[in-house]
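What follows is the residue order along each chain.
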Amino acid sequence: MLDDFLVRAALAGVGTALATGALGCFVVWRRMAYFGDAMAHAALMGVALSLAFSFSITLGVVIAALAMAVLFLTLTGQGQTADATLGVLAHAGLALGLVGVALVPGQRISLDAYLFGDVLNVTRADLAVIWGGAVVVGGVLWWQWSALLTTTLSADLAHAAGIDPKRQDRLITFLLAIVVAVAIKVVGALLITALLIIPAATAQRFGRTPEIMAIVSSLLGAAAAIAGLQGALIWDTPVGPSIVVAAATFFGVSMVMPRSRA
Amino acid sequence: MSLISAENVSVRYGGQTVLDRVSLSLKAGEIVTIVGPNGSGKSTLLRALIGAEAVASGKVHRADHLRIGYVPQRLHIDPTLPLTVRRFLDLPRRVKEKDAQAALETAGLGNLGARQMADLSGGQFQRVLLARAILGNPQVLMLDEATQGLDQPGSASFYRQIETVRQALGCAVLMVSHELHVVMSASDRVICLNGHVCCEGTPDVVSAAPAYRELFGTGTGGALALYRHDHDHDHDHDHDHDHAHETAN
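Sequences listed follow chains A and B, in order. One point on numbering: in this note's numbering, the residue at position 91 of the first sequence is 91, and numbering is uninterrupted. One point on numbering: in this note's numbering, the residue at position 227 of the second sequence is 227, and numbering is uninterrupted.
For reference, chain B alone in the conformation it holds in the complex (with noise of 0.2 Å):
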């Protein structure tokens, strides 16, 4: 029985089709990584299952109080609102001292909670998005690219995490990421999409299929594998300070 699923969904952005008919649907304990370019709909999906955008047809299913914990792409606080992590973790409820510590150490964190969210690096941020997310014991882990703005190690390192979080709360993991190589390893299944489901199956199936292959083989040429190989090593890195370059997206 799904947890959430997706049936013939289209999403029209003015007279622009931004999805075309996806389906897709998530069983209970399932990593499902959906795949695809810059402006293929990942991120629109993402927001169309947990009803933030209008479909124009087709159906999105959620199972009845379903309780999904989102981690978004980005998220900007305004500088003029202080937060420390304690109390954004009470958002949207208030938690117990107990259940916010787990969660801090459930996603690789000390003892931050008395950091205002604006002085956190990349990495930490992005893990209390995470902490935040798993507070509610959801049923569904939804992350839309949230390595985003994290160097190479940095995104293995949180996509490590997100398997140690899955362990330990057993729910399904839909996310969202155009990091191929370290996300495939760890998914049930892969979609890959550009407005429509191109293919869908196990990594190596996917990463094999001709669909697939067009859309990152070409065009990006050996110069991405390569640059893939060149930083799939692991330097276990936990970002207590900030870097100061970016990612080219």
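For reference, chain A alone in the conformation it holds in the complex (with noise of 0.2 Å):
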């Protein structure tokens, strides 16, 4: 069954819709949205880091993302607003792998892969990375759930029943930085964010609680990621922004539709 590349296609999309879907709950909660995209962007600095140094990209990936987190906490603490600093580092991050790349010797390798996912060239290993990733990022937020989200309702709420916000904040940080690892083979790493708003901002709509929200946009990107391939093979369009597309397109059903909380 894995033999065909349209199979692991769409395991790799729904692998990593439904780690994005879950924890794009708590970025939109928390309001993270540019924080996830610089940490996306700085993805395409690790590409270039293991490129050079020849070593696996997804470790690449997820050291890039987490040292764009230090960076960032690094210079909010030193007076510049954060809105500013993500402004920056989204950016710069982004150009330095762009030129990083370049600068690797050997053959010119083509970016696109990474910058809009290449989900019809999954391999094995990549299933294996997608959705060991996953299952990490569903289990941590399954074991620290409770925790997580009151740190996210209030720091002081957390520290009054002894559990350390910093600690929660740190957590989400680096399932972050796994799920752009796993996201940049499907989606790229331009439109990695959208994955993680995209099917929160529709779910949160419909959901009673904080639970059935995180299940609902689970299921909503992986409902997504199997129409965004669907609609690529038809129209023979790149199956990352496809996704993408189909995502927005229930957000935009969503709109229409009656908020129901209850």
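Treat the hints as calculated values from the structure; they're not laboratory data. Misleading hints may appear alongside valid ones.
Distance windows between CB atoms, simulated [claimed, not checked]:
| hint | chain 1 | residue 1 | chain 2 | residue 2 | range |
| --- | --- | --- | --- | --- | --- |
| 1 | A | D112 | B | K59 | 42 to 48 Å |
| 2 | A | D112 | B | Y13 | 44 to 50 Å |
| 3 | B | N111 | A | T123 | 51 to 57 Å |
| 4 | B | T80 | A | D112 | 31 to 37 Å |
| 5 | B | R67 | A | T123 | 49 to 55 Å |
Straight-line Cα separation of at most 30 Å, BS3-like style, residue types lysine-lysine; simulated pairs [what the hints assert, rightly or not]:
| hint | chain 1 | residue 1 | chain 2 | residue 2 |
| --- | --- | --- | --- | --- |
| 6 | A | K166 | B | K59 |
| 7 | B | K98 | A | K166 |
| 8 | B | K59 | B | K96 |
We put the CB at the ideal spot given by N, CA and C, even for glycine.
Put the complex together from the two separate chains, hints included.
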């Protein structure tokens, strides 16, 4: 079954969307969309690094995304606003990545795969990384759900309950880095944030509780992955952007439906 | 033996000293109120006591495994986060249905577990925060200006609820307020704070103290005193609807 490239592509898309759908709820609740974007753009630097020193791209992406998060905390600690800092880091990261890849000696590689995803060329090893990452993200969210939710509501409530909110913040950052590494092959660095934000923003209109919203968001993401892949085959369009278009279509439809949290 | 105490605690923001060598201690079952003008460090002190604020010098002691029920000054719930009252009561730990129901009743609320937090009135919202805080059977209940946004009868009724809660749980209460007249009568001890502890004692001792009068008597003049008199009768107002007005503070 895994010999079929379409099956592999579908599995890769669904695995990614399940992880981004659930984690994306926290990104939306905590208003970290731009932060996620900066981490995703930094992924390209990770790609450049791993090509230059020939180690695993997944590892390179995780390291670059985490380095971006650390840099962000350092800079905002020195009096820069979060908004401006993210603006600087997201684009500097992307540009550095593009320049870095061009400087790597040897044959020129096409960056399209990393910018927009290349899900039709997903290998079994890629699938293992994607589903492994998705299981880690899902497992950590499950295990820390209440503490993460309490921290999201209020750092003071967390403190009073004996939860260290800084630790929870680091956990979210870490999970984001994993998700970026997982999603880069599917939708590419430029569109990862879309998979985090759009399904969650759609689901928030219908869930009664945070848990229902997270599940709905994951399912919507998975549905968008399948629909996007189908659409790409029918109309011969790039798969990553097609998945995002499908997710955005769901969002658009949800906006004309009555909101129901009852 | 004190449950929680601060010993010469100082807190600084940048170069500014917000709390200057503040000491206080809370014994089991006591009701202590911290009063002081805006910016006097009341909330900072409470946050230092729960460990949310790093102290520049001095020490905070908490009894081992102290159970704290904390009612924040304000809780902003992002509009994208769906949260029923019942689900909120499950944070940070899941509670039994029976206990959740009992907490809602103790906090003076009926059965509104299925309601969204965003749809509650100001008074209901504060009571839900109170219900959540008492669910862990706390040894200390801490309230940070918990009546902000409520009108005078609303906050009077909220404070009466706190007395009921304390009788039911036997916990100590540490609260912060600038609404002296409502709070003081219920307190065993009042601490008047303005960066440092200005004065401390039973409610009558503090209200008669020159330091307290200097902070609250002059400046606000007779107007505030008159306003208080006008409003200290009780409408027994239970707030099923939202009030559009805001309190001036």
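Structure-based check of all given hints:
1. A/D112 - B/K59: 42 to 48 Å: For B/K59 against A/D112, whose Cβ atoms are near 59 Å apart, the range 42 to 48 Å is violated.
2. A/D112 - B/Y13: 44 to 50 Å: holds (49 Å)
3. B/N111 - A/T123: 51 to 57 Å: Holds, at about 55 Å.
4. B/T80 - A/D112: 31 to 37 Å: Because 33 Å falls inside the window, the suggested range holds.
5. B/R67 - A/T123: 49 to 55 Å: Holds: the Cβ-Cβ distance is about 52 Å, inside 49 to 55 Å.
6. A/K166 - B/K59: holds (21 Å)
7. B/K98 - A/K166: With Cα atoms ~33 Å apart, B/K98 and A/K166 exceed 30 Å; violated.
8. B/K59 - B/K96: violated (37 Å)
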